[in-house]
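First to last, the protein sequences are chains U, V, L and D.
So in this note's numbering, the last one in the first sequence is 176, and the numbering has no gaps at all.
So in this note's numbering, the last one in the second sequence is 176, and the numbering has no gaps at all.
So in this note's numbering, the last one in the third sequence is 176, and the numbering has no gaps at all.
So in this note's numbering, the last one in the fourth sequence is 176, and the numbering has no gaps at all.
Source of the hints: derived by calculation from the structure; they are not laboratory data.
Just to be clear, a hint being listed does not mean it is correct.
You can't tell identical chains apart in this list, so a pair holds if it fits in one copy or across any two.
[Stated by the list, open to error] Computed list of lysine to any residue pairs in SDA-like fashion (alpha-carbon distance at most 20 Å, straight line): (1) Lys169 to Tyr80; (2) Lys40 to Gly127; (3) Lys166 to Asp56; (4) Lys166 to Asp41; (5) Lys83 to Ser71.
Predicted, not measured: the structure shown is a model, and the values here were computed from it.
4 protein chains.
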Amino acid sequence: MHESGKIQIFVTGGTFDKEYNYITGQLYFKDTHLHQMFERGRSTLDIDIKTLMMIDSLQMSEADREIIIYSCKKSDFEKIVITHGTDTIVATAAAISKHNIPKTIVLTGAMIPYAFGTSSDGFFNLGAALAFVQNLPHGVYVAMNGRCFTWDKVHKNTKTGYFEAI
Amino acid sequence: MHESGKIQIFVTGGTFDKEYNYITGQLYFKDTHLHQMFERGRSTLDIDIKTLMMIDSLQMSEADREIIIYSCKKSDFEKIVITHGTDTIVATAAAISKHNIPKTIVLTGAMIPYAFGTSSDGFFNLGAALAFVQNLPHGVYVAMNGRCFTWDKVHKNTKTGYFEAI
Amino acid sequence: MHESGKIQIFVTGGTFDKEYNYITGQLYFKDTHLHQMFERGRSTLDIDIKTLMMIDSLQMSEADREIIIYSCKKSDFEKIVITHGTDTIVATAAAISKHNIPKTIVLTGAMIPYAFGTSSDGFFNLGAALAFVQNLPHGVYVAMNGRCFTWDKVHKNTKTGYFEAI
Amino acid sequence: MHESGKIQIFVTGGTFDKEYNYITGQLYFKDTHLHQMFERGRSTLDIDIKTLMMIDSLQMSEADREIIIYSCKKSDFEKIVITHGTDTIVATAAAISKHNIPKTIVLTGAMIPYAFGTSSDGFFNLGAALAFVQNLPHGVYVAMNGRCFTWDKVHKNTKTGYFEAI
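Please model the entire structure based on the sequences and the hints provided.
Listed below in structure tokens is the structure:
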């Protein structure tokens, strides 16, 4: 039995959750910002946040994707939002889609880290992804730029950083 | 004929767009932040932003509501998002609903001004409202706290500041 | 005996420490932001922060000023920074100056609350006040707008919000 | 003749002015943020900002240092603040000091880019550097962590990121 009202949030890292390491001058992952984002968004949604991994999506291996797919299948909830790096978000969406999981799965990301304050798109994208997941039929989607694309109808334009319909 | 892809944004003010006047120490309205919010959200939605008024929703009169209703009717677009102060957002939604406009109309607001940086919920709410308006059937809705309520199924709990189903 | 290296910080409130109450829509005082400001500024100064009061400087009474003066006299440290609302900061500086306290006392404030994110001048003003207090001779000063004025050589231009030499 | 009231600001880049490139995911330099920082700080100081270079201080060559030294000598102003990456800020200060320029020269930097919002120390450091430069005698100084060190009495602890007296 699925609990239909609840939303599962799976965190995989990506630009969304990157932070600046002032010792090395590099970007890195510490903890996810999702908890504070839900609080700041004053969300009253019934959610469960689980961090599956904290990686740059360029580093995402097939083994990592298996973990994501397994977690989607095992989740008690019919609605799932996955935060993911934008570079390979479409590839992961495609991998998930092959399993025909009878759930609504929305992947989203950010072009600028949430931790970088008032320039990040992440908070907007999270709000949109949560709304899309509540109303779309079963399937695998990518939510970016205020829009929601079916996994096989989108690609990231790597020159502009925008997601485009194909 | 409605252009079905495009989204009409009507700005009415509210906490969303309030700013701090450092001379008087009071909050006030200057220009809407919606344009910069769409840019920061990296939105590629086809939108049209129109400022109908810039007022605190406690000041909203029946004449103001008539302007909103008239604008909803006249808009060429079938999907409409209205930014509105949260104190009377449900009352305005109710007033609009009486006119049975065959469009999807989502009202949203913020509890903390967008201009107050990384504490505001406004950017999250805007992302959610834009997503809800794309997928919901005709009707009048209030989108707050990550959720979307039909106009007659919600009230604002003035003690907690959260919107609750009734 | 004064400990000459240490800096005493007295908090009195003012715009510096105001926050937005999302229930009432009014500005109010909760806790001071000074502790987090020192952490964010990565300060290694030897300081002691004491909150004397949390009030709007328009509300500052002679009794409040007596508390500030008494605290300046009693402090073990020769260097003192006081955060204060800008409306009456000069009046308080004048009141302190009458007591010829043999210490360097720098009052500073903010035109926009620190809590309002990337628009506030408070963090800049704090950095400046801490630097001024380390190098100026005994006396009472007001540090605003990147400058430091002797208490009797400054007034606030209430139309522009800038402090000007007189 | 030096104009004694005016402050020369030389920009050399450093973490202070780094930004996030959302296409490459790397940090890079675009324009300096100094102008907007002075505006936000509501500074009424008489300043002149000149960008000498925009580089990571690990990339700073002897030729770059010659440009900085030449610019300090040629400046019409007796008070100079230089923004600089923290990794080699002490080395540049040492190089300048060899020339016995009869001016007060304060170098400052940031551990977190100003563009990264409410986590950066840069705005605090700028306020402090501007205050130090106004009151210190001729010499070359490094202002970080709320303190001001003579160039030969400081080193950066690369493990903690703090500047320490030696």
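Practice problem: Using 20 Å as the alpha carbon limit, work out where Lys166 and Asp56 are close: within a copy, between copies, both or neither. | Solution: between (31 Å within a copy, 18 Å between copies)
Quiz item: Is it within, between, both or neither when you check Lys83 against Ser71 at 20 Å Cα-Cα?
Solution: within (19 Å within a copy, 51 Å between copies)
Quiz item: What label fits Lys40 with Gly127 when the C-alpha limit is 20 Å: within, between, both, or neither?
Solution: both (16 Å within a copy, 18 Å between copies)
Quiz item: 20 Å Cα cut-off: does Lys169 pair with Tyr80 within a copy, between copies, both or neither?
Solution: Close neither inside one copy (33 Å) nor across copies (40 Å); limit 20 Å.
Quiz item: Between Lys166 and Asp41, at a C-alpha cutoff of 20 Å, which is it: within one copy, between copies, both, or neither?
Solution: Neither. Shortest intra-copy (26 Å) and inter-copy (27 Å) distances fail the 20 Å Cα cut-off.
In summary, the structure is inconsistent with hints 1, 4 from the numbered list given earlier, while agreeing with the others.
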